[in-house]
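> Each chain, written out:
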Amino acid sequence: MYNEPREARVTRDVVWERRIIAARRRAALVDRAMTGLLALAALGLALVLSAIIFIILRAGLPALSWSFLTSASSITDPGGGIGPQIFVSIYVLVLSLLIATPVGVGAAIYLAEYARPGPATNAIRFSTEALASVPSVVFGVFGAIIFLTTMSLGFSVLSGSLTLALLNLPLMVRIAEDAIRSVPVAYREASLALGASRWETIRKAVLPSALPGIITALVLTGGRILGETAPLILTTGTTISPNARYSLNPLQTGETLAVHIWVLKIVGVPGLKDAQLVADGSAAVLLLIVLLINLAMAFFTTRLTRRLRGVGRAPRAGGSKKG
Amino acid sequence: MDTSAPTPTTMTIRAASLYYGIFRAVKEINLCFRPNVVTAIIGPSGCGKSTLLRSLNRINDRVAGFRVEGTISLGDTDVYAPGTDVVDLRRRVGMVFQRPNPFPMSIFDNVAFGLTLYAPPTRAALAALVEDALRASALWGEVKDKLRRPASELSGGQQQRLCIARAIATRPDVLLMDEPCSALDPISTLKVEELIAELKCSYTVVIVTHNMQQAARASDITVMMNMDAVDRAGHVIEVGDTDTIFTNPKHPQTEAYVSGRFG
Chain A
2 MYNEPREARV
12 TRDVVWERRI
22 IAARRRAALV
32 DRAMTGLLAL
42 AALGLALVLS
52 AIIFIILRAG
62 LPALSWSFLT
72 SASSITDPGG
82 GIGPQIFVSI
92 YVLVLSLLIA
102 TPVGVGAAIY
112 LAEYARPGPA
122 TNAIRFSTEA
132 LASVPSVVFG
142 VFGAIIFLTT
152 MSLGFSVLSG
162 SLTLALLNLP
172 LMVRIAEDAI
182 RSVPVAYREA
192 SLALGASRWE
202 TIRKAVLPSA
212 LPGIITALVL
222 TGGRILGETA
232 PLILTTGTTI
242 SPNARYSLNP
252 LQTGETLAVH
262 IWVLKIVGVP
272 GLKDAQLVAD
282 GSAAVLLLIV
292 LLINLAMAFF
302 TTRLTRRLRG
312 VGRAPRAGGS
322 KKG
Chain B
954 MDTSAPTPTT
964 MTIRAASLYY
974 GIFRAVKEIN
984 LCFRPNVVTA
994 IIGPSGCGKS
1004 TLLRSLNRIN
1014 DRVAGFRVEG
1024 TISLGDTDVY
1034 APGTDVVDLR
1044 RRVGMVFQRP
1054 NPFPMSIFDN
1064 VAFGLTLYAP
1074 PTRAALAALV
1084 EDALRASALW
1094 GEVKDKLRRP
1104 ASELSGGQQQ
1114 RLCIARAIAT
1124 RPDVLLMDEP
1134 CSALDPISTL
1144 KVEELIAELK
1154 CSYTVVIVTH
1164 NMQQAARASD
1174 ITVMMNMDAV
1184 DRAGHVIEVG
1194 DTDTIFTNPK
1204 HPQTEAYVSG
1214 RFG
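Top line first, the protein sequences correspond to chains A and B. The first sequence begins at 2 in the numbering used here and counts up one residue at a time. The second sequence begins at 954 in the numbering used here and counts up one residue at a time.
Next up, chain A with everything else stripped away, as it sits in the complex (with noise of 0.2 angstroms):
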């Protein structure tokens, strides 16, 4: 009888550890099989970039050389290089660049840091969201229309560079708002209480923080219009006109690196016995510019926030002693 309540506790108790035993060995499992699966989708992707820069390479190595590089192409004669065209891809980036990012990043900090929220900003955010997964072509025919027939600035790098500085203005707004909204509201607090005007604040306090992610949303769209094809082709045409190359003059027409390739490969040039080898040429050239580019910004994002937070200055007074 005294014994009795202890053993219905204890018999309890068995029964209860067996339960905690059981499940934490399912989490155990659980836990092991997760972590397998998440590694691999990481491997997988790791995998999936290296095949791409492996493929192209392979295929497109062998059609490198300066003279390949520099020389202009040709419809006729194989030995054909792709200097214009890769001039002309350089151009159309810096050029839709230079268009998209004030206005971009303009409005990615009047969405963070100035909008109240309500009917309005839901609009602009519900627009922003709904144009970037707009098609590309949409945006080349809508270019077409716009800036050749009503601007009639006719196929050249202008109605190219701003049809694509409006494909890519969504994206980059939502990134760059993304990164503004990540700055902790205490920087922004500790400078308003230190007397700073809402500029001030933005400028000094919020945006050093931002700037990676800012430049993260530049390498993407940069990248976008590297590769873009379809607005190009219906905005800057196919042609480099053989007067023209190297030309800045941004009413010329214009025929990128990628819409190269889609000639080669697509349209297909009759007669041109190295259409395919010069095609292959061309999207290794492209594929190791986007690899540079994105390196270029690594590195310079890196020293730029090392900058920022003060590491790597040379000390003015008292020498570089390490506290």
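Take the hints with a grain of salt, since some may be wrong.
[To be verified] Residues from chain A that face chain B, not an exhaustive set, calculated with beta carbons under 8 angstroms:
1. 121
2. 187
3. 188
4. 190
5. 191
6. 193
7. 195
8. 198
9. 201
10. 204
11. 205
12. 210
13. 213
14. 309
Derived from the structure by calculation, the hints contain no laboratory data. All C-beta atoms, glycine included, are put in the ideal place defined by N, C-alpha and C.
Keeping the supplied structure of chain A fixed, place chain B upon it in accordance with the hints.
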């Protein structure tokens, strides 16, 4: 409470109620924060201490729906009058936050931040002003050799003193501190409290604290706040000399709070 004429650096709150939307968070406040005095605001969580403090430099304007009834003034300037220059007000009313929030910049640039906003001084003058501020916040000895290192490398207590240096570098009239030691270890807390005692020579200091010993040690005047049981609005229970509040409080709620029986 002392009723002598207010000086230009006295903050006066008259019949003020603070609202978030339709919710009255703090009601019927009549207080006076005097120069060269440390005023501590104590009270349980949610009684509106921080809201009250954050209304003094209008940093709470950032919160949507926040509004003030009654008057809050600095000297003869009505803080919430339509024509008041908020930026200039905040320059005159500095603030130190609960968590140390140095900018992700060097120690030097943190202190120089406010200084370069108004009249950008020359390089040499700037260095001297930064040194002054760091000396005044008792941090100079610890950081003089690493002014160009990131502020994030400092310890929490050092970061908080850096934030104090940053706030006093622009020579405000009033210094607001919102639980400045709640994220600090006891030794850093003592250092900041010593610093507060020195700062009152030059500033009107208002400090919100959860720490009763801190209020007892560091302040001259103590304001006891609590939430009204009926309408859930924070209000002032008792104001008095810190010694009186802690040894001989008049109100039973104050007595219960300072003796640790609730809150």
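> Compare the structure with each hint and give your call.
Now for the hints, and whether the structure bears them out:
Interface hint status for residue 121/A: violated, as the beta-carbon distance to the closest one in chain B is roughly 15 angstroms, over 8 angstroms. The interface hint given for residue 187/A holds, since its Cβ lies 4 angstroms from the closest Cβ of chain B, which is under the 8 angstroms cut-off. With a cut of 8 angstroms, the hint placing residue 188/A at the interface with chain B holds, because the nearest CB-to-CB distance is about 6 angstroms. With a cut of 8 angstroms, the hint placing residue 190/A at the interface with chain B holds, because the nearest CB-to-CB distance is about 6 angstroms.
Interface restraint check: residue 191/A against chain B, minimum CB-CB distance 5 angstroms, threshold 8 angstroms, status holds. The beta carbon of residue 193/A is positioned within 8 angstroms of a beta carbon in chain B (closest approach about 6 angstroms), and the interface hint is therefore held. For residue 195/A, the interface hint holds, the least distance from its beta-carbon to any beta-carbon of chain B being 4 angstroms, beneath 8 angstroms. With a cut of 8 angstroms, the hint placing residue 198/A at the interface with chain B holds, because the nearest CB-to-CB distance is about 5 angstroms.
Against a cut-off of 8 angstroms between C-beta atoms, the interface hint on residue 201/A holds, since the closest Cβ of chain B lies about 6 angstroms away. A least Cβ separation of about 11 angstroms between residue 204/A and chain B goes past the 8 angstroms threshold, and the interface hint is therefore violated. Because the smallest distance between the Cβ of residue 205/A and any Cβ of chain B comes to about 7 angstroms, under 8 angstroms, the interface hint for this residue holds. Taken as an interface hint, residue 210/A checks out: its beta carbon lies about 6 angstroms from the nearest beta carbon of chain B, inside 8 angstroms.
Evaluation of the residue 213/A hint against chain B yields a violated restraint, the C-beta minimum of about 11 angstroms exceeding 8 angstroms. The restraint placing residue 309/A at the interface with chain B holds, with a minimum CB-CB distance near 6 angstroms, inside the 8 angstroms limit.
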